[in-house]
Amino acid sequence: MARRALFYVGLALLLLAVLFPLYWVVVTSFKTTRDAFAIPPVWLFSPTLDNYRTVFANRGFLSAFANSFIVSILSSALAVAVGSVAAYGLAQQPAELRRAREKFILSLRIAPALLFVIPMYYLATRIGALNKHWLLIAAYAFVNVPFAISLLITFFDDIPKELRDAARVDGAREFSIFWHVYLPAARGGIIATLILCVLFTWNEFFVALVLTGRDTQTLPVSITSFLTFQGIQWGALTAAATLIMLPMIVLGVLVQGQVVRGMTLGSVKG
Amino acid sequence: MRPAAAASDPTKHFFQPIIVCLTVASVALTLFVIWISLHDLSLMRAGREKFVGLDNYIRFLGDPRAMAALWRTVLFTVLATVIEIALGLAVVLFLDRDFAMKRLVRTLLLVPIIMTPVVVGLTWRFLFDPATGMANYLLSLGGIDQVDWLGSPRIALFSVLVADIWQWTPFVILLVMAALESAPTDPLNAARVDGAREWQVTWYVLLPMLRRALAIVALIRAIDSIKAFDLFYIMTRGGPALSTETLNYYGYIVAFTNFDISYALAIAIILTVFTNVALLTMYSVLFPKTGDR
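Quick note, the sequences are listed as chains U and F, same order. If you read the first sequence in my numbering, its first letter stands for residue 1479, the second for the next number, and so on. If you read the second sequence in my numbering, its first letter stands for residue 9, the second for the next number, and so on.
Source of the hints: derived by calculation from the structure; they are not laboratory data. Treat each hint with caution, since some may be false.
As the list claims (entries may be wrong) - Computed from the model, here is a short list of chain F residues facing chain U with C-beta under 7 Å:
| no. | residue |
| --- | --- |
| 1 | G61 |
| 2 | L182 |
| 3 | I278 |
| 4 | T280 |
Every value quoted in this text rests on a predicted model; they were computed, and no experiment measured them. We treat Cβ as the ideally placed atom computed from N, Cα and C, and that holds for glycine.
Use the sequences and the hints to build the structure in full.
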């Protein structure tokens, strides 16, 4: 009995360590400036929405929200569309050829972003594309395609080969097998891949920092503006932070079984 | 039992165009990057680049700031990877039993992983605030002196490390947990029947079964730690006194503060080569030839 109690104490400490920082930020976003900086900290307080009003009055933040939304949806949709076609082809190959291709796709992930962001930046300044949405969408699609391919292969592999063989016996062409058999059968996996791409793109900072201009700033870049103007406005900052991460936490929980699988590219199935 | 028509296998057309595109793009990019790194291209003096051979690479070797950044990258990567794996494994072994809210705990552990890294950086900067932060408040409750978490050159790197550990240990936990659950339980029970003590079962039976999962997660964490950028940018900007500047961050500064594109790409190439060498070494240690891969 004592051991059991000890276990639950340990579990509570673990959850406290994991969740407290998040809790503290969200709670601070509902505090007045005076409460936010009170020492000792104020645990009970009357909540205010002032910080959220400040954030929503900030035009830069609203347009960043729109930019993040457009860029992550479009680049992810593009990556999943291209990736699912390629993954279907790869999933039908003999194991040896596949492994070589997969290794190549994985190797694309190891290179630091600096390596391709600098030449992209250089070329973009030359052709005046720095402040254009398509540049960012193209950059993220380029990053997401290898990821989408490797993850989708693992979902297509889960589909029994008999389905494809049966369709072929019926005289179906490859494309119609892909379209009418594989896509519906892997629907859950495709949606999960799309959500994971959106999640990565939404959260991504480095590429966005370099390749966005005034009109294309995404949320992670835009939030840093709260850091530099007249010191740090922690109230507005925590409200903005809450708004940025909330949609992703909802999406992440929706596909929770696939997150680990996605981040290990299927080498460990969650 | 596929017919021998592999030569005209239509499934090839599904992936070849994309693989060719990716190959062409990465080869072109690589050549362009190498070309730039052999010149002295700067955005400050556009159109006046000239061939300088290996000067940028030689400059790297004689650049104390770059060398310090490289060493710091190694330190950060080793510490982050080792601590996250050890801590994650400990938690997995601790949680390895049936309890009421296991599913809920798993969902909650997901939260740091999917949190926007910039927000993680802001969160910890907030907690580490010297005057009003939670960290110093907790210390003051214990009667310990205030610490300047992000302002002291000797401590700042470890404060960033704390944030990294907070965000990524749950990832290790979830991944190893998944591996543990798909592992067969027969060997464990057999060992217990044979009279092995619980720690012996863990050490001699359970851990060897988890080796592959641990190796994979160690590789992933090492790759990501070498490239870590967001936390450093948000929490310290490489400071104070350059004490948290990693090689990746230094490359960013050289490229986008000094606009010295060529030298920055030389740094990026060195970082890539370095990463690959480190990974191959790790890979051959973690997956020996006779191994299970």
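Now the hints, each set against the structure:
1. G61: Given a least distance of 20 Å, the restraint on F/G61 is violated.
2. L182: Holds, about 5 Å.
3. I278: Hint violated; F/I278 Cβ to chain U Cβ min 10 Å, cut 7 Å.
4. T280: 5 Å, holds
Hint check: violations occur at hints 1 and 3; the rest are consistent with the structure.
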